[in-house]
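Engineer: Protein chains in written order, with the numbering used here: chain A, 47 to 144; chain B, 1316 to 1777.
I should point out that these hints are in silico values taken from the structure, not numbers from a laboratory.
Remember, it's a predicted structure, so these values are computed and weren't measured experimentally.
There could be a bad hint or two in this list.
Stated by the list, open to error - Derived lysine-lysine pairs resembling DSS-like cross-links, with alpha carbons at most 27 angstroms apart:
#1 B:Lys1647 x A:Lys142
#2 B:Lys1619 x B:Lys1647
#3 A:Lys143 x B:Lys1767
#4 A:Lys142 x B:Lys1619
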Amino acid sequence: MEAAVIDPFVFRLAIFVLAIFVGYYVVWSVTPALHTPLMSVTNAISSVIIVGALIAAGPEEMSIAKIFGFAAIILAAVNIFGGFVVTQRMLQMFRKKK
Amino acid sequence: MAANLSAVAYLISGVLFIMALRGLSSPETARRGNYFGIAGMVIAIVTTILNPHVLGFDLIILGLGIGAVIGTVIALRIQMTAMPQLVAAFHSLVGLAAVLVASAALYAPESYGIGIAGQIKMASLVEMSLGAAVGAITFSGSIVAFAKLQGLVKGDPLVFPGQHWLNLLIGIVIVAIGVVFVLNETIPLFWLLVALSFLIGFLIILPIGGADMPVVVSMLNSYSGWAAAGIGFTLENTALIITGALVGSSGAILSYIMCRAMNRSFISVILGGFGGEAAAAVSGGRSDKSVRAGSADDAAFIMKNAGSVIIVPGYGLAVAQAQHVVREMADKLKEEGVTVRFAVHPVAGRMPGHMNVLLAEANVPYDEVFELDEINSDFSTTDVAFVIGANDVTNPAAKTDPQSPIYGMPILDVENSITVLFVKRSLSPGYAGVDNEVFYRDNTMMLFGDAKEMVEGVIRAL
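Pulled out of the complex, with its shape left as it was, chain B reads as follows (with noise of 0.2 angstroms):
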């Protein structure tokens, strides 16, 4: 009876979560959806609490303590700019969870009724091997991205001869470790397998560039969905079950979106070198041509006579700190009778959605800010867009030049806007090392500079 009270339990826990992704389909009911995000856990903590296995509690209240204070201390102190690192270093701890729960599991399978030690039934060790796997790989798959979206390491991609058929070798091996592993029940198996699978998530990760992150991220996303769901077969558990699938669809589809929006196929995303080589190739054979450059004083006449203005701000946006003096700018065309409006392309920032949290932290209203497919064919009749960090996704090659690297990728046609105000440091092509033609055009003015000092020399003169 009270198992089956139990069942029912995890089952409203899992609708909750359902509920809670449900809320994100537009910002007015997300809050509500977040609370029935929290309701779900506590429901399914509470339950399983109740268990009549679970019977010391010291350790539990010690570790949901150190847990919380930590967590709740990271979430408030964390700057926006940095979120993308923050949710890597959280599904590496999901990865590490998922592989601890394994073993756990493994030692004492009594305790999750799964059989005996020495006798655990077959189902339960597949399921228990592919959610350790699965794990680890997620875990040390997330160490690198967080690394490498540190900054602690460099963005580059690592490449070295032979890489792919190293990790196709390691992967044979984790499979065959897998199945001896299953059939025998040899816990040192489960460990080098766990090992293995540690190795082969930096195999995979290291050699994927910077300009790559936003897939790898959401794929990460997506791998702890699916170790959550491996273990929730293990201890047979509905809501880790339900949870693991929606978060392992949720990643999949996130990526999904983000390799359409750089059109990249998720397979080359996945055999990784993008970046290193694209800069190589495309330097070079741009002195002949001239730029037109103007100053802050220039920028902020021509926007104040304009009707309409659109923002594209980019990620040098987010590493210049300047989205609350560009709100700030906005505010004061919009009092000149500007119409001013944002226009956000998804891999803008470094994950998905990225660029919208840094404008709302800026006060920007979620209603001024439009996604690509909603306001590019707005540029045409629009007087101004003033681009702020952004390169490679407002470069023209990518429909023109089928050389180019980004070519095919989806973009912001500011070029067609009556004038293009650019803000940028130097003439230095953008994350994918692409010489960008807009910067030549005639309806182009440069505004070299920081881009934070730029924007305040521009709201001074207005």
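Chain A with its partners taken away, still in its complex shape (with noise of 0.2 angstroms):
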């Protein structure tokens, strides 16, 4: 028999519970004023999904998973610049006692 590998997606698994405990820890620790930013700013990044959209995009032939693609690239594009730029305009306002 050969040698046992393993397949990429049990390492991808670990990666995948290994976030959520990272997630687990870094989310408590923020601070509760904070709360609405922070779910301004998952949303923005759970928007990466877009990757998978600029791939079904990216083709040159024209094709049923391109025009897939190019609608999901919009959603996430307006979630992508909305959430960051809303998240910003929050985050601006916080400012301490002059």
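From the two separate chains plus the hints, produce the assembled complex.
Structural biologist: Right, dumping it as structure tokens:
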């Protein structure tokens, strides 16, 4: 029998599980005053799903997948720009006592 | 080699996203955190565009351009009071994007290296259907949440008999269709799966009342993360897997915090119906109690002569757009030598942290704004509690009346301060439909009227 090869899926699963734990500890350390910016920024970063849309829209020839990709790019881009800009706007407002 | 390089780039992008969230631990580091997030996104997008399979740039540039314009314009124009609706709307877009990407992977698996059409790897089909189903639920659920928050549909819970059984049945059918789809890769079944997931998203959120919206918005935040993670597995993309896990756990924690702040179990929120029956059960029986009403001049006199004032803002403040005049009033009081602080309940707005943003918008320094745990014991040593547009979160029935629908909810103990000034339009109960005994206390003075006009009156009198 050849040397045991671990399916790359298992590595990705490991990353996923560890990232859940990282998320758990990082989010508990977020100050409650910034929970709204937390939601808007998580919303912006979850739009990194755009990478899937870019690949779908990538081929030169037209296909149904390319149209799905194009639509997903628009949606994700609205979220990315909207999410980061509105987060920045909110964070600018949080000022200390002068 | 190139594949390894881009894998490393995606990993860096994932790490930058973690740092973006880490920055939010304090307002000083938060702005830098946001730049980390933007950098992570730029790295992920550039890395993907450099992928040798990406050759046609016309639609990519067009799509990015359209999205950038729409997103930026909305983000710059939106009022801070409307943040909950905006976030709900954004969640729906992530959900729909997840569905679209899953469909694209199904129709063009070669692009993603997961097999050829008709012979996609089974693991990828599982991930794809999970991502699409959760994405579809996020989409339709967020649409309903948006419509309720925006006032397009009534906030009242929509309940009908057999609702939960219907949902359960649809849920089982979705799982069954999913299994058959994964085994046979039948494209029509994929669309049926998506359609039923859309439907169940509507059905899950419709029965949930307006008072539970903070939980719903957080929950949908979580769903959008899990959908992204599912797609991340299909695309074998680390950035997407890490981000999905981060967002998923973030939303779950926020849901938990909101549930705890309302003393509601997550299950009871999901089962819905809160707000409607409660309102019917607890009306009447208060006509015999007397209240002491006061004017803006009285309030100004009392607060000017006080040593310390704690302002307790609620959602009514946001509705009346009174955050700016309240800050002006606080400034005037500070000039008079009064110590002014703000006390914010976790569910004071319509989403987690909403009230803090509204106060920050009105230039209230964040070190004058305190959370429930930080300030609650100070009410007993405070001269005046100035409650404006907050009702349920100050209601002692949460501590004393086991029959009350809000029983067990942690509240701000405003009644312990020497004088309570309660700004309210009328004696009508709050969102949860519960009468507040603070109105009838001897140390309470009711200031009847519109929150904004009342505060303006106080400012004039100061």
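Engineer: Now tell me, hint by hint, if it's right for this structure.
Structural biologist: Evaluation of the provided hints:
Distance restraint check for lysine 1647 (chain B) and lysine 142 (chain A): the Cα-Cα separation of roughly 18 angstroms lies within the 27 angstroms cut-off, and the hinted pair is therefore satisfied. Restraint check for lysine 1619 (chain B) and lysine 1647 (chain B): satisfied, since their Cα atoms lie roughly 9 angstroms apart, inside the 27 angstroms limit. For the suggested pair lysine 143 (chain A) and lysine 1767 (chain B), the alpha carbons sit about 24 angstroms apart, so the restraint of at most 27 angstroms is met. Proximity of lysine 142 (chain A) to lysine 1619 (chain B) is assessed by CA-CA distance (about 24 angstroms); at most 27 angstroms being required, the pair is judged to hold.
When the structure is compared with the earlier hints, no violation turns up for any of them.
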